[in-house]
Amino acid sequence: MSLPSWLTEDYIQKAFQEFHKDDQLRVQKVCAKPATGKGENFVGVMTRIYVDFQHGDGTKQKQSYILKQAVSSDAPQAKIFAEYDVYNRELDMYDIVLPKMSKILQEAAFNDKLMAEAIVVDRERTVMILEDLAPLRYTNADRVKQLDMAHTKLVLDMMAKFHAAAIILNQREPDLLSRNYSSHFFSRGKKGYGQVFVGLFKAFIRYVKTKPNLKNRYANKLDNIVTNLMEYAAKSVDVGEKDLQTLVHGDCWTTNVMYLYDDEGNPTTVLPIDFQFSTWTSPAVDLHYFFSTSLKSDVKAEELELVQYHYYALKSTLEALSYKGSFPSLVEYQLQFEKRRFLSLIIANVFQPIMVYQGNEDCDFINFYRETAEAIKFQDSMYENEEIQTRIDTILPILDAKGFLEAH
7 MSLPSWLTED YIQKAFQEFH KDDQLRVQKV CAKPATGKGE NFVGVMTRIY
57 VDFQHGDGTK QKQSYILKQA VSSDAPQAKI FAEYDVYNRE LDMYDIVLPK
107 MSKILQEAAF NDKLMAEAIV VDRERTVMIL EDLAPLRYTN ADRVKQLDMA
157 HTKLVLDMMA KFHAAAIILN QREPDLLSRN YSSHFFSRGK KGYGQVFVGL
207 FKAFIRYVKT KPNLKNRYAN KLDNIVTNLM EYAAKSVDVG EKDLQTLVHG
257 DCWTTNVMYL YDDEGNPTTV LPIDFQFSTW TSPAVDLHYF FSTSLKSDVK
307 AEELELVQYH YYALKSTLEA LSYKGSFPSL VEYQLQFEKR RFLSLIIANV
357 FQPIMVYQGN EDCDFINFYR ETAEAIKFQD SMYENEEIQT RIDTILPILD
407 AKGFLEAH
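Residue numbers for the sequence shown follow the working numbering, so the first one is 7 and each next one is one higher.
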């Protein structure tokens, strides 16, 4: 695989010299191959680069790294990602915010990795070179099989530390997280993701209308929601004075967390990746997103207990960090979670079918929302998955009974 023309051995050598604080370090060889397959990452281009280098003391190393770049400027989704400033946000996360959060956690002896180390953060080219987690034996769980309870609770523990560290960071540096963390998938005043979600939601309604039992009960209500879809979702991300507020990951699902396993194959540690959509809002937003995209059905059925689990993990982490601010009761926290349940209507019914997709149609980003024959063929094929159909049968009556299919 050819590297970008600017990514020369000299570029990498200078970067490595600075990172390792070794002016005598010499890069001897660089090669690369794609780091993700088709349909695994739509926001950026991931390349695994292999670097042979020698330190000033003569020690030789051969290491792999992950090069993260923005999608090509002529990609259909490029304008959307530029509108939401996802790349600069992630550069800030790796360069500034995550290192500060890691240090906060280390103060209380929470020493698990919170991030892959950033070797290079190049704002001019909007690229990063990150530590490759694969040699450290981190790996993704199966996005199609989804997560069992052990995997799920590890993520909730990790989220609790992430959320707690951000709360403390915001107390110490209140201006830092107010700069570039207000926009999200459903931001008012932005149009790009509105087009995407409305297109996907129309595909979902099209599926519902193929099932008489669903069509008769829900089709008209869903048709009425489309006009206000993004506003209802935006309300779900809004926070009030009484809401617990923190920095959320924003896109926490199976492929954006990586696990370590013991010799028996049991997960022992988890680490988050991909922070393009980190947002200052309620931690319940992360919970809805994670629950609606990543859990096995029997684990999802324990949702309220999982909210409780995260609540106590977050509370205990904040106590360990000597947090002195207000904190909701469990009742209040459950209500803050419930208030945002509309998110599950969108995420479970239009995002999850993409995330577990195994079909043969073209799953390019542009086919998520266009109304061409090719795009519609892909969209309709998402709902051929029997597990997705079962989940729709389960979730629609719940949302309807709770009033989330009504104008609100």
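Hints listed in this document are in silico derivations from the structure and should not be mistaken for laboratory results.
Computed from a predicted structure; not experimentally measured.
Hints should not be assumed to be uniformly reliable.
No more than 25 Å apart at the CA atoms, straight line, and that leaves these computed lysine to any residue pairs for SDA-like [claimed, not checked]: (1) K151 with K408; (2) K159 with A225; (3) K159 with Y267; (4) K119 with Q83; (5) K383 with T216; (6) K215 with V49; (7) K119 with A156; (8) K408 with A225; (9) K119 with V49; (10) K221 with A381.
### Task
Hints the structure violates: just list their numbers, smallest first.
1, 2, 4, 6
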